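Student: One letter stands for each residue in the lines below.
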Amino acid sequence: MLIELKDLNKTYDNGQPLHVLKGINLSIDRGEFVSIMGASGSGKSTLLNILGMLDNYDCGEYRLAGRLIKDLSEKTAADYRNRMIGFIFQSYNLIGFKTAVENVELPLFYRGTGRKERHRKAMEYLERLGLKDWAAHYPNEMSGGQRQRVAIARALITKPEIILADEPTGALDSKTSVEIMSLLKELNASENMTVIVVTHESGVANETNKIIHIKDGVIGEIEDNSAHASSPFGADGVMK
Amino acid sequence: MRDILEEIWSTIRQNKLRTALTGFAVAWGIFMLIVMLGAGNGVLNALNSNTGMLDNNMAIFSGSTSKAYAGYQKWRSINFDTRDVDALGEGYFAERVDYVSPYIEQGDTLVFKDYFLPARMCGVTPEFKDIDKIELTAGRFINVPDMDGLRKMIVIGSFEAELLAGGNDAGSLIGQNVKIGPFSYKIAGIYKSEENDYSDDATVYVPYSTLNAIFAKGNDISTIYISFHDIDTEEENDAFQDRYRSIVNNHHNAAPDDKGTIFVWNGTIIGMQMNKAVRIMNTALWILGIFTLLSGIVGVSNIMLITVKERTREFGIRKSIGARPGAILKLIIAESVAITAFFGYIGMVCGLLVNHIMDVTMSDSPIDTGLMQVTMFVDPTVDIDVAIKATLLLIIAGTLAGLIPARKAARIRPIEALKAE
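Quick mapping for you: the protein sequence lines, in order, are chains A and B.
Under numbering that gives the first Met the number 0, residues 0 to 239 are what the first sequence spells out, in order.
Under numbering that gives the first Met the number 0, residues 0 to 420 are what the second sequence spells out, in order.
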């Protein structure tokens, strides 16, 4: 198992304690294409942040590729994130004053890769995502779909263990959403990349092979969706 | 290194105005520091050159009584006589005093060929050369046979000698006669004198004994010059002064506790006091300068804090893709150091430039105070090493200025940073 969660608990304490995750048990295998679905406040984003080592959990166990991820120092967490995780965010989270290619290079910069090697690889990934001609453009000169593809290139460049996508289509129109989802699907199929998508849209979840429902901080139904027929909108690929 | 520089350049480009304003504060700080230190040095150098301080020599001036004593009224003026001069070679004084020269003056017109110069004849002993550290450019100074034989020998200044020689070698004047008042004097030597714009009488030296005999000044010595050793503190100076005053008071029937009869001008002590004043002034200038700098540094720190706040989300992104806290820390500090170093350098160069302009336009130009000419400014510059030190100080300060915001930025948890707007 690539990801193993055992009785994971998380409580936020902002004046009043808020028990967000109430004993999550979950395992995800290498090469799976999974979505975590739930309403807002269900704890799905918190779960994703913990999976991405952006946040800590209180008790339980989280193992990633056999390694126990618990109480990491900021430095170790940064190194693990750099090596094992590729993030895709709803709001792209590109750095505005850097060009597309510079944004894609950045994870390799923090890994200490040389300039030329970095640039070569970044161009390679941009080309794969069809953005070669946009390499020297700044994010604000691109469309939402293009920005998200830059973000995907940035996530992929370190060859991570998992891709964590937090509402990757949340800011995109339906046509672009379909494009991005089929891109993730293709990544999963062709490179056996483990992809975890957090969403509240059933259409998006329907594109994935397995849907994990989360409600009020506990895992509900885990639905096998290899047929992509769970959503009434899924059949014809319309997601919104 | 290149990556860091590119990062800094791209963020600075984002905020041109803000960077420029911060930079101005820093540049202004270092500029003011250097200009102030330069101007301060100018004044200090002028002080030094105006006093022409000489170590280990002393002028003892005669004064007047400040109280009635032994039937005499007060305010009776005292002049030294030979007893006072001789006393300096005995007992306590003999241990400390190296050379003694009584000093008397007589003014008259010096005539040589077609030249007429107002001159001040100074009657001194051969020792005066060593006391006043007179340098000879030709010939010799007054010697003992001159004194013993009451010879009418004279030593003139090099500035006047050039003039009198009228284009010939000044040394050719040795052995020739000049006329001062009713008598002729033979030129024995030429001493190195400063340029004289004729506002001052030409100072010429003749044997003390000769001048004394001609003008009968035996009991009319206004000043005694001595050189000494082992009087290095103000206490020792005061002790020396008190002892000598009591002897003079005794010789001249003045009250034993009368302080007005002599005044002592001790080059070493004056030098020490001057050095102390110089040190205080220097310290004051540094403090002022550093406070000016400080405002620049606070500016940098302030700007960096705002920058960190503005860039919180960006740091969150960087962290989420694997930037260690140390990398963020380095980024902020490098930016802060780059801004302070760059603008500090500009400030330093401008400061040195202004110092140079002051040097060219104001330096060495005397100001006429009516009584005398005083040079207010001499060489108003700062040593390059001081300038570099100040700039290094600034860079260190820039690091410190960046440190607090940088630590703040490095500590933000990525999850919170990503939520920031």
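Think of the hints as simulated: they come from the structure by calculation, not from any bench.
Model, not experiment: these values are computed from the prediction.
Some hints here could point you the wrong way.
What the hints assert, rightly or not - Take a look, some chain B residues computed to stay more than 12 Å from chain A by CB distance:
{"hint": "1", "residue": "Tyr-68"}
{"hint": "2", "residue": "Asn-78"}
{"hint": "3", "residue": "Asn-274"}
{"hint": "4", "residue": "Gly-315"}
{"hint": "5", "residue": "Ala-322"}
{"hint": "6", "residue": "Phe-341"}
To be verified - Partial pick of chain A residues on the chain B-facing surface, computed with a CB cut under 8 Å:
{"hint": "7", "residue": "Asp-57"}
{"hint": "8", "residue": "Tyr-61"}
{"hint": "9", "residue": "Arg-62"}
{"hint": "10", "residue": "Leu-71"}
{"hint": "11", "residue": "Asn-81"}
{"hint": "12", "residue": "Asn-92"}
{"hint": "13", "residue": "Gly-111"}
{"hint": "14", "residue": "Thr-112"}
{"hint": "15", "residue": "Asp-215"}
As the list claims (entries may be wrong) - Simulated crosslink set (SDA-like; lysine to any residue; CA at most 20 Å straight-line):
{"hint": "16", "chain 1": "A", "residue 1": "Lys-97", "chain 2": "B", "residue 2": "Ala-333"}
{"hint": "17", "chain 1": "A", "residue 1": "Lys-69", "chain 2": "B", "residue 2": "Ile-286"}
{"hint": "18", "chain 1": "B", "residue 1": "Lys-329", "chain 2": "A", "residue 2": "Gly-111"}
For each residue, glycine too, the CB sits at the ideal point set by N, CA and C.
Student: Going through the numbered hints above, which ones does this structure break? Give me the numbers in ascending order.
Tutor: Per hint list: 4, 5, 7, 8, 9, 10, 13, 14, 15, 17 violated.
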